[in-house]
Amino acid sequence: MFDPLLLLFFAPLIAAFFLFAMVKVSSKWTKAFAAICSMVPLFILILTPKLLGRSYDVLWFKPLSIHFNLSIDSLTLIFLYLTALITPIAIITGPIKNLSHPNIFYGFILFLQALLIGFFSTKDLALFTIFWEAMLIPLYFIINIWGGKNRQFAAMQFLLYMIAGSALLVFAVIALYFAASSFNFDELAKLSSTMPYAGWYFFIFLVAFAVKTPLFPFHGWLIDTYCEAPKTATILLAALLSKAGIYGVIRILMGIFPLYMQMASPYVVCLAVIGVLYGALAALAEIDMKRLIAYSSFSHVNFIFAALFVWNGYALAGGLFQVVTHSIVIAALFIIVGYLIDWLKTSDMQLTGGLARKIPAVCWLTLFFIMANVSLPGTANFVGELLVLFGVFQMSWWVAAILGLSVIVSATYALRFQRKVFFGQEGVATVSSGIIDVRLTYFAVIAPLVIATLWLGIYPRPLLELIEPVVKQIHLIDLLEH
Amino acid sequence: MNLTLTLQDYLALSPFLIITSFALLILLLESFANHLARRFSIYLACFSIALAFVATAMTYSSTHPLLTPWIRFDALKTTFNALFLGVGFVSCLLGKVFLDKEVHSKAISAGEYYFLLLSSLFGLMLIGASNDFLTLFIGIETLSIPLYILAVYIKRVKVSGEAALKYFLMGGLAAAFLVYGVAFVYGAVGTTNFQSLSTAYGAMKENGGNGAYFFSGLAMIMGALAFKAALVPFHNWAPDVYQGAPTPVVAFMAVGTKLGAMAAFAIVFLIAMPNIDNKVSFCMAALAAITLVYANFVATRQTQLRRFFAYSGMSHAAFMLIAILTGSSEAISALVLYFIVYALATMGAFAVLATLGEDDEELSFEAVRGLFSKSPFLALAFSLCLLTLAGIPPTAGFLAKFYVLKLAYYAGYQWLVALALLTAVLAAFYYLRLMAIMFTVDALPRRQSPKVSRPAFCVAAIAGLALIYVSLFPFLG
Numbered sequence: 001m002f003d004p005l006l007l008l009f010f011a012p013l014i015a016a017f018f019l020f021a022m023v024k025v026s027s028k029w030t031k032a033f034a035a036i037c038s039m040v041p042l043f044i045l046i047l048t049p050k051l052l053g054r055s056y057d058v059l060w061f062k063p064l065s066i067h068f069n070l071s072i073d074s075l076t077l078i079f080l081y082l083t084a085l086i087t088p089i090a091i092i093t094g095p096i097k098n099l100s101h102p103n104i105f106y107g108f109i110l111f112l113q114a115l116l117i118g119f120f121s122t123k124d125l126a127l128f129t130i131f132w133e134a135m136l137i138p139l140y141f142i143i144n145i146w147g148g149k150n151r152q153f154a155a156m157q158f159l160l161y162m163i164a165g166s167a168l169l170v171f172a173v174i175a176l177y178f179a180a181s182s183f184n185f186d187e188l189a190k191l192s193s194t195m196p197y198a199g200w201y202f203f204i205f206l207v208a209f210a211v212k213t214p215l216f217p218f219h220g221w222l223i224d225t226y227c228e229a230p231k232t233a234t235i236l237l238a239a240l241l242s243k244a245g246i247y248g249v250i251r252i253l254m255g256i257f258p259l260y261m262q263m264a265s266p267y268v269v270c271l272a273v274i275g276v277l278y279g280a281l282a283a284l285a286e287i288d289m290k291r292l293i294a295y296s297s298f299s300h301v302n303f304i305f306a307a308l309f310v311w312n313g314y315a316l317a318g319g320l321f322q323v324v325t326h327s328i329v330i331a332a333l334f335i336i337v338g339y340l341i342d343w344l345k346t347s348d349m350q351l352t353g354g355l356a357r358k359i360p361a362v363c364w365l366t367l368f369f370i371m372a373n374v375s376l377p378g379t380a381n382f383v384g385e386l387l388v389l390f391g392v393f394q395m396s397w398w399v400a401a402i403l404g405l406s407v408i409v410s411a412t413y414a415l416r417f418q419r420k421v422f423f424g425q426e427g428v429a430t431v432s433s434g435i436i437d438v439r440l441t442y443f444a445v446i447a448p449l450v451i452a453t454l455w456l457g458i459y460p461r462p463l464l465e466l467i468e469p470v471v472k473q474i475h476l477i478d479l480l481e482h
Numbered sequence: 001m002n003l004t005l006t007l008q009d010y011l012a013l014s015p016f017l018i019i020t021s022f023a024l025l026i027l028l029l030e031s032f033a034n035h036l037a038r039r040f041s042i043y044l045a046c047f048s049i050a051l052a053f054v055a056t057a058m059t060y061s062s063t064h065p066l067l068t069p070w071i072r073f074d075a076l077k078t079t080f081n082a083l084f085l086g087v088g089f090v091s092c093l094l095g096k097v098f099l100d101k102e103v104h105s106k107a108i109s110a111g112e113y114y115f116l117l118l119s120s121l122f123g124l125m126l127i128g129a130s131n132d133f134l135t136l137f138i139g140i141e142t143l144s145i146p147l148y149i150l151a152v153y154i155k156r157v158k159v160s161g162e163a164a165l166k167y168f169l170m171g172g173l174a175a176a177f178l179v180y181g182v183a184f185v186y187g188a189v190g191t192t193n194f195q196s197l198s199t200a201y202g203a204m205k206e207n208g209g210n211g212a213y214f215f216s217g218l219a220m221i222m223g224a225l226a227f228k229a230a231l232v233p234f235h236n237w238a239p240d241v242y243q244g245a246p247t248p249v250v251a252f253m254a255v256g257t258k259l260g261a262m263a264a265f266a267i268v269f270l271i272a273m274p275n276i277d278n279k280v281s282f283c284m285a286a287l288a289a290i291t292l293v294y295a296n297f298v299a300t301r302q303t304q305l306r307r308f309f310a311y312s313g314m315s316h317a318a319f320m321l322i323a324i325l326t327g328s329s330e331a332i333s334a335l336v337l338y339f340i341v342y343a344l345a346t347m348g349a350f351a352v353l354a355t356l357g358e359d360d361e362e363l364s365f366e367a368v369r370g371l372f373s374k375s376p377f378l379a380l381a382f383s384l385c386l387l388t389l390a391g392i393p394p395t396a397g398f399l400a401k402f403y404v405l406k407l408a409y410y411a412g413y414q415w416l417v418a419l420a421l422l423t424a425v426l427a428a429f430y431y432l433r434l435m436a437i438m439f440t441v442d443a444l445p446r447r448q449s450p451k452v453s454r455p456a457f458c459v460a461a462i463a464g465l466a467l468i469y470v471s472l473f474p475f476l477g
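In order, the protein sequence lines correspond to chains A and B.
Sequential numbering from 1 applies to the first sequence in the working numbering.
Sequential numbering from 1 applies to the second sequence in the working numbering.
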């Protein structure tokens with residue numbers, strides 16, 4: 001029988017190559033095919049019994065003993081669910097009209113999905129590195145070919161930041177291999193602290209992950225990239241790619257260098273807190289909707305970074321919970337903003353206003369996600385934020401105080417966004433009367449995100465059950481009392 | 001001693017004999033039946049290369065006492081020569097693209113072109129099989145002399161003549177240095193045979209020799225080979241010659257000559273004398289380091305495609321040199337993987353360039369502007385080649401570099417690993433700059449849309465597919 005793990009990785013990959021070859025197919029059918037193929041991993045995840053703990057391992061590149069390894073533990077599963085859920089949604093929101101070479105566009109997105117799945121599920125450090133860097137290629141192409149006006153600059157800047165960030169990654173990987181004679185995470189986890197120069201290797205990995213997520217001083221690429229990328233790619237970047245960095249922190253830094261992680265904690269938390277405030281304040285001053293959401297996303301991923309580095313079990317659990325909720329909410333917000341920009345033909349908030357009367361349903365949906373973004377109780381984000389603040393408070397009350405303060409700022413910019421766009425005087429840029437308020441595809445895209453947000457907000461236990469073993473392994477605490 | 005060659009010996013030599021005889025046949029055809037040569041010499045050349053490839057793949061070997069001191073019949077020779085023949089085959093196909101364009105020019109004849117190419121190829125194969133400094137020298141000269149002529153093949157281009165003259169004069173000087181170096185080595189240890197060099201050096205050391213002559217000789221040899229491989233500071237000829245020569249010839253130089261020179265490096269410094277002395281390894285490390293820094297920095301400033309590939313080739317030669325200087329037992333397999341990946345990617349890239357070059361004089365970056373909107377497949381194949389050269393995962397280029405760097409790390413050259421990785425960021429920048437131009441949609445209005453020639457398209461497609469294959473299944477012994 002064909003291993004479902006292999007199918008998980010190869011189904012999108014093969015579909016991507018199929019799409020590259022589908023030259024003469026209309027863009028509508030191309031998109032439909034891509035959307036269906038991208039849902040395959042989700043079905044596999046849901047339908048396969050006993051997926052947890054499964055693994056597949058084969059020696060792939062003998063001279064370096066690189067194994068093609070896919071294995072699933074609970075940490076992996078969280079990120080796999082995210083990938084499997086967000087990618088189809090991103091594809092469905094993708095364009096049909098005015099899209100040159102749709103087969104290549106959607107092919108790259110499926111390729112990216114396959115790479116993400118591989119990245120989240122491999123236990124081999126060399127393969128991990130390969131997937132890590134390989135993700136840049138489809139994104140580079142997507143931004144460069146299908147992006148906005150300034151796309152070439154943005155794509156180049158994005159890629160160079162990423163490559164420079166992980167320039168010495170290969171050095172650290174080889175050094176670890178030299179010490180452990182293996183690329184397997186479990187083997188590597190055994191030696192770290194005794195190794196010479198381990199601090200430097202920790203630093204190299206940290207920089208690589210910090211650039212991709214991005215942590216505070218490494219965010220130079222973020223705004224241009226998010227704004228120039230096509231809608232679909234922005235969703236993937238904000239919801240999944242930023243999480244790749246966070247996954248790296250948990251998997252590599254916590255798994256292999258726990259000691260150094262604790263040593264670095266004060267510095268990184270400090271940077272992350274600055275990032276949280278900087279992002280929130282920048283969003284407060286922003287007049288461009290897409291940039292506003294981008295800064296908001298930046299602020300929130302820094303929040304997660306702080307949660308991970310505070311070195312507390314509850315904060316880690318909250319951080320992981322926020323990984324999921326942030327992905328869902330930021331995807332929804334970028335979808336909404338993407339549609340708004342399509343309809344209004346501008347992203348300048350000074351030109352808009354009073355849309356609530358024209359498109360009420362969109363208005364309330366936006367309000368829902370805006371509220372989720374500022375962690376209103378009842379939404380999933382509240383659970384994560386509460387856990388993080390609880391954990392942070394145990395470690396340092398003043399960090400908790402600052403993070404708590406940032407929530408106020410984020411509520412301010414979120415409500416300001418809502419007011420500028422939907423309420424008040426009708427602006428210069430407004431939707432034409434032909435727009436149907438909520439279309440079927442629009443609903444199909446948003447509905448799962450609404451459901452997920454509410455469900456995890458009211459009944460977070462299933463996700464917490466997945467998070468618990470991760471936390472237990474690192475911090476030895478019971479999250480859920482049985 | 002039995003001096004007559006048996007059938008087995010002839011079979012072992014057959015790849016060389018096939019290439020030589022077909023080269024001469026093409027020359028005869030050119031002399032006596034010009035119109036036939038114009039039409040058929042490409043087929044003859046391709047056929048001979050295919051035949052020689054089969055003969056190489058049969059791995060006949062000889063134990064004849066007249067042959068074995070000069071020529072090796074081992075697995076490495078087979079690998080090298082199969083690779084060189086592949087490069088030659090592709091160069092022939094690309095040559096057709098060029099000759100079709102120049103069909104009206106009286107000064108250019110197909111037969112001559114293929115004769116020169118086959119002769120060069122013969123030299124390459126001799127390098128791959130050499131077992132003595134003498135055969136190595138003959139191989140290098142047989143490779144170079146036809147290239148001096150081919151470099152000036154588009155006679156209407158002004159820079160061509162100057163560059164070819166520079167190439168010829170400096171190439172002659174390098175050859176002189178090579179012979180002089182070999183003489184020093186012979187004087188010091190009394191042999192030029194690769195099998196006995198190591199032991200002879202050991203014996204010399206035991207007898208109290210200080211090795212001054214030996215190492216001066218090696219230094220000169222290294223300089224001469226570095227010239228052929230265009231390693232900094234012996235690189236000056238390369239950008240000019242690449243700019244002035246026709247694209248298919250440049251493809252042959254960029255891959256064939258480069259790999260030939262690096263194979264010679266490997267045979268001398270890795271097979272014959274692995275880790276002979278720290279000084280030698282250090283010299284190679286210094287060469288590699290200087291080349292990495294210089295070539296990568298200068299490549300970022302290039303705007304002419306063939307010049308650009310001259311610098312990109314230099315940085316790859318530096319990587320190959322790193323594999324060689326480690327002296328590790330795995331170095332050969334790392335080197336062969338690097339050779340294959342570099343050959344595929346560079347040939348694929350030049351195949352795309354060959355389809356573009358309607359104006360051979362200034363093949364600037366602008367020539368690829370908007371290629372994606374005109375021919376997405378060609379553009380994607382080109383990008384794949386560039387990404388492979390840049391060494392970005394998951395392409396095989398990454399694996400090849402990773403392997404080399406691992407060996408370097410294990411051999412204690414951590415500083416070189418760090419340097420190589422840092423300069424790789426520059427490499428990523430300049431390859432991507434080229435790619436970015438390709439994806440610009442607002443193409444400049446052209447006089448005519450490029451006619452994509454079939455052989456070049458096939459080469460690009462095959463190179464692309466092969467690169468994907470190697471990336472997915474990099475199994476190697």
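Some hints here could point you the wrong way.
What the hints assert, rightly or not - A few chain A residues that face chain B, going by a derived Cβ cut-off under 7 Å, partial list only: (1) 92; (2) 96; (3) 99; (4) 101; (5) 130; (6) 134; (7) 144; (8) 145; (9) 164; (10) 168; (11) 284; (12) 287; (13) 444.
As the list claims (entries may be wrong) - Think about it this way: if two alpha-carbon atoms lie no more than 30 Å apart in a straight line, the pair counts; the simulated BS3-like pairs of lysine-lysine are: (14) 345/A to 50/A; (15) 28/A to 374/B; (16) 205/B to 279/B; (17) 231/A to 358/A; (18) 472/A to 97/A; (19) 97/A to 374/B; (20) 101/B to 231/A; (21) 28/A to 97/A; (22) 358/A to 345/A; (23) 190/A to 62/A; (24) 231/A to 149/A; (25) 101/B to 279/B; (26) 149/A to 374/B; (27) 358/A to 97/A; (28) 158/B to 24/A.
No lab work stands behind these hints: they were computed from the structure.
Note that the Cβ used here is the ideal one computed from N, Cα and C, for glycine as well.
Here is what the structure says about each hint:
1. 92: 24 Å, violated
2. 96: 18 Å, violated
3. 99: At 12 Å from the nearest chain B Cβ, residue 99/A fails the 7 Å test, so the hint is violated.
4. 101: It holds, given that the least Cβ distance between residue 101/A and chain B is near 6 Å, below 7 Å.
5. 130: Holds - the Cβ of residue 130/A comes within 7 Å of chain B, reaching about 4 Å at its closest.
6. 134: 4 Å, holds
7. 144: Constraint on residue 144/A satisfied, holds at 5 Å.
8. 145: 5 Å, holds
9. 164: Holds, because the Cβ-Cβ distance from residue 164/A to chain B comes to roughly 5 Å (cut-off 7 Å).
10. 168: Holds. Min distance 6 Å.
11. 284: 34 Å, violated
12. 287: Status violated, d = 29 Å.
13. 444: 30 Å, violated
14. 345/A to 50/A: The hint is violated at about 48 Å.
15. 28/A to 374/B: Satisfied, since the Cα-Cα distance of roughly 22 Å is no more than 30 Å.
16. 205/B to 279/B: 15 Å, holds
17. 231/A to 358/A: 23 Å, holds
18. 472/A to 97/A: The given pair, whose Cα atoms are some 49 Å apart, is violated under the 30 Å limit.
19. 97/A to 374/B: 20 Å, holds
20. 101/B to 231/A: 45 Å, violated
21. 28/A to 97/A: 9 Å, holds
22. 358/A to 345/A: It holds: about 16 Å lies between the C-alpha atoms, which stays within 30 Å.
23. 190/A to 62/A: 23 Å, holds
24. 231/A to 149/A: Holds - the C-alpha atoms of residue 149/A and residue 231/A are around 14 Å apart, at most 30 Å.
25. 101/B to 279/B: 50 Å, violated
26. 149/A to 374/B: 20 Å, holds
27. 358/A to 97/A: 24 Å, holds
28. 158/B to 24/A: At roughly 45 Å apart (the allowed maximum being 30 Å), residue 24/A and residue 158/B break the hint.
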